[in-house]
Amino acid sequence: MTLLDRHIFKSVFLSCAGAVLLLVFMLMLVNILRDLMGPMLAGQLPVTKFLSLSALLVPFAASFALPMGMLTGILLTLGRLSADNEITAMRAAGISMPRLTRPVFLLAGLGAALGLYVNFEAMPHAKVVYERDLTAAVHANPLNLIVPRTFIRQFPGYVLYIGDKQQGTLKDFWLWKFDANHHVILFERAASGRVDYDAKTNQILVTLANFQVERLDERKPEDFTDSPSVATAEVSDPVALPLDTLFGRIELRQKLKWMTYAELRSPLGLNQALKDEDGNERRARMMVELTIQEKFTLAFAVLSFALIGVPLGIQVSRRETSANLGLAVTLALAYYFLTVMVGWLDRHPEYRPDLLLWAPNLIFIALGAWLFRRLSRR
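Using the working numbering, the first residue of the sequence shown is number -3, and each one after it goes up by one.
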């Protein structure tokens, strides 16, 4: 590798690495806020466990960040080199475009290989460990979900408020129950109560003392012409708050996307697909093949994005980071939109969606080859 190759390789590598890390952080942040922040604030996740679970999100985020990070890094680097007339100087020295861009495509090839490893090995293993550890941590002390002086909205169909909690004893308890249209159909308030966890049914049981309950007509919850029925009692029947819908994770290794390549090709993958497709063997085999091809195409997208990013980065000739980022986002969104469109055919094996998944890559390769050829002739 010559000095020029090292210069281009290093410049593109640093830009791509920075872009990938930024995208990984953004994707991780979404999952952290959705899955981990609530349990941590509720005291169910120690800081060390929170950090270890966050680290397990890196391979999952990297599988999506690699293609777009590669495209962004190429656009940023080649756009800057072109704006500084370095590309012009290299070509004036007799260096052809294929020779000039060889380090870029070498890096893209390494990125595609890394993508295959992440998609088929690192991400499935990390995702399974993440789900297992998060489920164990949440179920270790589910009563920590009951946080005093906070409106608790985690339980579907309910909103709770507790003035104070000492161990399992509650003070100043409020509960609103909603129907499917988010109308209040029941309101309970109690001076005190007790909360327990039933491991067999995976439910939190709330028993109220000195409580009052108001019931509205479930058929017409917005009709206030009639007064709601009101009842009081010293002790209530336990109010069951199920945790299955909240933390009811499916059995580990059951999602096809969480399986390694060896598992997808083994009877394990087909058996799970048969469960998902209600025994329809044709559709089940297609779902397994679709999952495999999706992982392949996502890794190969690194090369496709590189092929289209090289001529665009040189032709656009912009130093502005925001403009190049905007172009990268637009191209990536177009690619993922085409992929989603093909995914809509997953219930129609006769259309071979597993092969159609390659269409976005082929389109980008054809467009990139055309742009690259035009650039080489200039």
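Fair warning: there could be bad hints in the mix.
[To be verified] Dumping the calculated BS3-like pairs for lysine-lysine here, alpha-carbon to alpha-carbon at most 27 Å:
1. Lys271 - Lys45
2. Lys173 - Lys45
3. Lys196 - Lys251
4. Lys271 - Lys161
5. Lys196 - Lys173
6. Lys161 - Lys173
7. Lys253 - Lys161
8. Lys161 - Lys196
9. Lys45 - Lys253
10. Lys271 - Lys253
11. Lys251 - Lys271
Read the hints as simulated data drawn from the structure, not as lab findings.
Verification of the hints:
no. : hint            : verdict
1   : Lys271 - Lys45  : 33 Å, violated
2   : Lys173 - Lys45  : 33 Å, violated
3   : Lys196 - Lys251 : 25 Å, holds
4   : Lys271 - Lys161 : 43 Å, violated
5   : Lys196 - Lys173 : 24 Å, holds
6   : Lys161 - Lys173 : 21 Å, holds
7   : Lys253 - Lys161 : 41 Å, violated
8   : Lys161 - Lys196 : 24 Å, holds
9   : Lys45 - Lys253  : 24 Å, holds
10  : Lys271 - Lys253 : 15 Å, holds
11  : Lys251 - Lys271 : 11 Å, holds
Violated hints, in rising order: 1, 2, 4 and 7; the structure is consistent with all others.
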